[in-house]
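Asks: With my numbering applied, the sequence shown covers 1 to 96.
Bear in mind the hints are in silico, worked out from the structure with no lab data behind them. Everything numeric in this text was worked out from a predicted model, so none of it was measured. One should not assume that every hint holds.
Label-pair restraints from in silico Cβ distances [unchecked claim]: (1) V83 to L12: 15 to 23 Å; (2) G61 to L90: 38 to 46 Å; (3) E36 to Q62: 40 to 48 Å; (4) L93 to T63: 45 to 53 Å; (5) E36 to F68: 18 to 26 Å.
A virtual CB, placed ideally from N, CA and C, is assigned to each residue, including glycine.
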Amino acid sequence: MSEPALAPRSPLGSVVIVWGAALIAAIVIGIFVPMEWRVQWLIVGFGGAVLLSFALQLWYGQTKGFIFRTAASVTGALLLLGVVSAGFALAALVPA
1 MSEPALAPRS PLGSVVIVWG AALIAAIVIG IFVPMEWRVQ WLIVGFGGAV
51 LLSFALQLWY GQTKGFIFRT AASVTGALLL LGVVSAGFAL AALVPA
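My request is simple: use the sequences and hints to build the entire structure.
Replies: Next comes the structure, spelled out in structure tokens:
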């Protein structure tokens, strides 16, 4: 039998870290990447968020709730990058 952790880390922190990394990636992509390459780089940013999510959840070291925490991290990053990409699309419609 395994002994319970005396003071387990909060699982919410790792989820928020992935969301923050996705937001920072989206901002950097929006600033530095030309308009015709943004969608491709947003996909790369999402792939990085998925890998970061798995790494953080494995580092957390708790098997209970692993799928839920990983799904929350990845889904939040996907929604955030989707909203940012919709913003990029709306910005592209505005004449410069």
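Asks: Could you run down the list of hints and mark each one as holding or not?
Replies: Right, here's what the structure says about each hint:
no.	hint	verdict
1	V83 to L12: 15 to 23 Å	21 Å, holds
2	G61 to L90: 38 to 46 Å	42 Å, holds
3	E36 to Q62: 40 to 48 Å	43 Å, holds
4	L93 to T63: 45 to 53 Å	47 Å, holds
5	E36 to F68: 18 to 26 Å	37 Å, violated
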